[in-house]
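There are 2 protein chains.
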Amino acid sequence: MRMAIDQESSVPIYQQIVDYFSHAILSGHFETELRLPSIRKLSSDLGVSKITVENAYARLEAEGLVGSRVGSGTFVLPIYDTQLIDGAEESPTWPVWQQQPITSFQRTVLENAYPLAGASIGAQDTINFSSGIGDPNLFPVNDFGRVMQRIIRRDGVEGLSYGEFNGYLPLRRTICQIMASNGMAISSDNILITTGSQQAISLVAQALLKNGDNVIVEKTTYNGALGLFEALHINPIGIAVDDQGMCVEQLEPLLQTYHPKLIYTIPTFQNPSGVCMNGSRRRMLVELSRRYNVPILEDDYIGDLRYEGVALPPLKSIDTAGNVIYVSTFSKILMPDLRIGFLAAMGPIYDRLVSLKCLNDLATPNLSQRSLNAYLSVGSYQSHLRKLTRIYKKRRDVMVGAITKYLGSQVEFQIPQGGLFLWLSLKRPLPAEELFKRCFEEGVSYVPGNRYLIDKSDYEHNLRLNFAYQPEEAIYKGIERIGKVLGSF
Amino acid sequence: MRMAIDQESSVPIYQQIVDYFSHAILSGHFETELRLPSIRKLSSDLGVSKITVENAYARLEAEGLVGSRVGSGTFVLPIYDTQLIDGAEESPTWPVWQQQPITSFQRTVLENAYPLAGASIGAQDTINFSSGIGDPNLFPVNDFGRVMQRIIRRDGVEGLSYGEFNGYLPLRRTICQIMASNGMAISSDNILITTGSQQAISLVAQALLKNGDNVIVEKTTYNGALGLFEALHINPIGIAVDDQGMCVEQLEPLLQTYHPKLIYTIPTFQNPSGVCMNGSRRRMLVELSRRYNVPILEDDYIGDLRYEGVALPPLKSIDTAGNVIYVSTFSKILMPDLRIGFLAAMGPIYDRLVSLKCLNDLATPNLSQRSLNAYLSVGSYQSHLRKLTRIYKKRRDVMVGAITKYLGSQVEFQIPQGGLFLWLSLKRPLPAEELFKRCFEEGVSYVPGNRYLIDKSDYEHNLRLNFAYQPEEAIYKGIERIGKVLGSF
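Chains Z and V are the protein sequences, given in the same order.
All residue numbers for the first sequence refer to the numbering used here, where the first residue is 3 and numbers rise by one.
All residue numbers for the second sequence refer to the numbering used here, where the first residue is 3 and numbers rise by one.
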């Protein structure tokens with residue numbers, strides 16, 4: 003027990019002990035039945051006499067806050083609600099250093115986090131098109147649970163100690179095999195395991211960007227990256243996206259004008275637009291990066307989840323000079339709670355990223371890494387991927403059909419060839435907050451398109467709809483509900 | 003299969019496929035027995051004719067790189083070592099943006115990570131006084147494994163989905179109980195679960211510090227914090243430490259001169275010195291923080307592990323104005339691989355820290371949080387803590403005895419009242435690298451004291467010795483070995 007006792011205070015020590023426990027109990031921090039330390043223990047911890055503690059406990063008992071039972075010590079008694087101290091009353095004026103305002107994307111992050119976390123548990127009937135992940139009911143939870151149990155038995159203490167800071171070597175080797183099958187020849191010494199791809203992006207930003215720097219991003223892009231740049235005081239410079247991905251033809255003047263320190267791109271199944279950058283733009287982008295000495299951060303968060311069409315090479319497979327840092331994750335295909343992503347980088351930047359990983363959170367849990375490697379090694383990943391591809395393709399088609407039926411002439415969209423998201427464009431813009439609120443009341447959620455814009459608009463042109471998250475009937479019903487709301491504007 | 007095929011290249015497509023596979027096989031990225039995609043699959047993925055792929059595979063077979071088996075496809079054949087491409091030959095000149103030098107603490111981080119990771123596995127006989135953690139053989143691995151299995155069965159998909167961004171509510175409540183028993187009345191709405199205390203420190207740095215800012219630190223302090231500040235271009239301003247902790251009497255002129263944006267301190271069992279800040283300095287520090295509007299980051303990484311003496315109140319328990327951000331971890335008492343730490347912050351800074359946590363790595367794994375909470379709830383933590391206290395106290399006494407016997411008049415030290423580390427001072431300084439190397443050759447490792455200094459010295463005054471990591475006989479033998487090396491200088 004560490005308690006702030008002031009030996010020099012004019013308040014007697016027994017009274018300080020009484021005050022501390024009274025406050026802890028009446029503010030609800032000490033719950034009913036919590037056992038207070040024994041008199042002997044507390045007097046030894048605080049370096050005060052036993053009599054002092056005895057007097058304090060006797061006073062607390064007289065006030066009805068605690069009771070004692072022979073042989074089992076002193077316990078907190080039930081407290082009436084009316085006795086409880088209202089926390090709001092005592093909230094102080096916060097110090098000046100605390101008064102820096104929160105940034106707008108940070109606010110968005112919090113808004114996204116809380117209501118949705120609540121909604122997905124609370125309202126049973128709400129149809130969720132807003133998720134950023136696949137269908138949780140398709141996570142290989144049982145397979146994974148079994149693997150984890152096996153690893154705990156097999157590896158014991160070693161599996162639960164700190165491992166290598168750049169990640170568990172067998173897992174890095176397995177990742178190299180997966181990358182090789184996607185055209186990227188990378189050694190395990192160039193792979194860094196991260197806490198999801200979000201951490202990989204964060205590490206690259208910390209390594210390459212200082213406040214005030216510029217970074218090129220697709221004009222609508224992943225809000226987790228935009229929020230990060232904003233929090234680090236980095237300026238995003240937007241470049242247009244069409245149905246063939248980033249308009250790389252417009253890049254050169256931006257490089258000349260803004261001298262960006264990084265190009266952040268999602269070339270395959272771009273988030274939120276769902277488009278893929280075509281092959282010639284990919285080559286041009288890598289070439290411009292080399293010529294202008296600007297690194298590329300390639301976010302390939304879901305490139306493996308393709309339903310049709312020709313597979314396009316990752317930028318990393320074209321890069322021979324070490325200009326592309328490649329980032330991917332197992333969160334989307336397997337399960338988010340694994341929190342395992344990775345990056346691949348050649349050259350001296352690799353060591354800097356490893357040291358930053360270490361300075362950010364020391365290491366990614368060894369147990370998760372070992373379990374993931376065991377799971378991947380037996381070929382379960384490929385068969386799981388095939389299963390998801392089959393199911394999600396069908397759900398996409400259902401959503402496309404429902405949109406055509408219920409939203410028809412009011413919207414435009416491209417059919418995404420892969421990934422999780424359909425990017426719906428409204429032909430006439432609507433007030434963003436009002437539309438979102440009305441849809442939510444109607445029992446359907448999505449992510450408002452303005453959350454992916456550098457300069458957020460008050461008007462809504464786009465809705466990002468996750469078609470993979472739930473079964474076909476729910477998709478159908480959800481689109482019908484959106485149609486009902488759109489019809490009322 | 004995503005492979006970079008250039009339709010407009012003068013190199014025929016079949017040749018591009020041959021080149022890709024040859025390179026992947028000869029550079030060792032495709033290992034023996036790896037199965038190539040089927041002809042049908044590859045032609046569909048690449049959008050080329052089956053004949054093209056057939057020709058490419060026939061050529062690879064003719065070159066002896068792959069073989070085919072009826073009904074089971076095409077496989078990589080064993081390759082002779084002499085055929086392998088030497089990776090070194092093709093390492094390019096790295097782009098200019100990669101040529102920024104790594105900082106000295108980042109280098110230390112990498113040096114610490116790699117050789118020690120190797121040594122602890124490799125040399126069976128090396129006695130490890132360099133670890134930053136307790137004895138891995140005392141981790142409650144089996145108890146924890148059982149809890150984890152139970153949680154997987156109990157919570158299924160929900161336990162493996164994203165949870166609340168600030169952490170699993172029941173765990174935050176349990177942490178409040180632990181904090182209350184240490185004199186801190188905090189609500190669960192002010193607790194943020196982090197990936198170890200390292201991440202908590204990193205988030206606070208990101209929220210409060212910009213490059214060029216000054217931060218007050220104890221003159222010798224945790225190198226993971228120093229490395230982080232250096233990587234973020236923050237200037238540490240050192241303040242002296244004596245046997246009563248930070249010399250707070252010297253703080254005011256530093257606050258007036260350097261206008262620091264943060265005071266980082268480890269008041270209890272300071273790392274590396276092992277000392278505790280006395281009560282009146284604690285009060286003075288909190289008061290100066292309030293008066294000068296400078297937040298305090300209190301790193302209480304092992305405050306619960308006390309072997310004797312009076313428990314001192316955390317700074318957070320004295321702070322009523324919201325100036326202290328409190329950070330702690332379960333890595334040291336339970337097991338490091340849990341990667342669960344937490345911070346407690348009052349006021350608007352809390353929301354900013356939550357959003358930064360989300361932008362850094364989205365969330366701490368739900369499964370680990372739920373398992374930890376189940377483990378803590380049944381009182382296992384307190385009994386585990388009592389067990390560790392008993393064992394580590396004995397090991398500390400053994401080390402003190404061995405130092406007195408073998409190092410005697412050459413060194414000075416304070417007996418630490420808790421924690422993991424004994425901070426040994428050499429009466430005459432010795433060359434740091436040479437001393438470390440000679441000890442390592444003699445079969446004993448420690449952390450050179452200069453790694454905790456802001457301005458590293460070439461000479462060694464101090465050795466940080468972990469007395470908790472291994473059994474008593476090893477401690478005795480290790481100190482004897484250090485004595486042998488010291489005697490040879």
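I should point out that these hints are in silico values taken from the structure, not numbers from a laboratory.
Be careful, since some hints might not be right.
Which copy is meant is left open, so a pair is good if it fits within one copy or across any two.
[As the list claims (entries may be wrong)] EDC-like mimics (lysine to aspartate or glutamate), calculated; alpha carbons at most 20 angstroms apart, straight line:
1) Lys429 to Asp244
2) Lys395 to Asp47
3) Lys212 to Glu232
4) Lys52 to Glu310
5) Lys389 to Asp47
6) Lys263 to Glu160
7) Lys221 to Glu254
Against the structure, the hints come out as follows:
In this homomeric assembly, Lys429 and Asp244 come within 20 angstroms of each other (Cα to Cα) only inside a single copy, at 16 angstroms, whereas the closest approach across copies is 70 angstroms. In the homo-oligomer, the alpha carbons of Lys395 and Asp47 lie at most 20 angstroms apart only across protomers (16 angstroms), although the nearest pairing inside one protomer, at 64 angstroms, exceeds that limit. Both within a single protomer and between protomers do Lys212 and Glu232 lie at most 20 angstroms apart by alpha-carbon distance, with minima of 11 angstroms and 13 angstroms respectively. In this homomeric assembly, Lys52 and Glu310 come within 20 angstroms of each other (Cα to Cα) only across copies, at 17 angstroms, whereas the closest approach inside a single copy is 77 angstroms.
Proximity of Lys389 and Asp47 under a CA criterion of 20 angstroms is satisfied inter-copy only: 17 angstroms between copies versus 59 angstroms inside one chain copy. When the C-alpha separation of Lys263 and Glu160 is checked against a cutoff of 20 angstroms, the pair qualifies neither within a copy, at 41 angstroms, nor between copies, at 40 angstroms. With identical chains, the CA atoms of Lys221 and Glu254 are at most 20 angstroms apart within one copy only, with a shortest distance of 16 angstroms there and 49 angstroms across copies.
Checked against the numbered hints above, the structure breaks only hint 6 and satisfies the rest.
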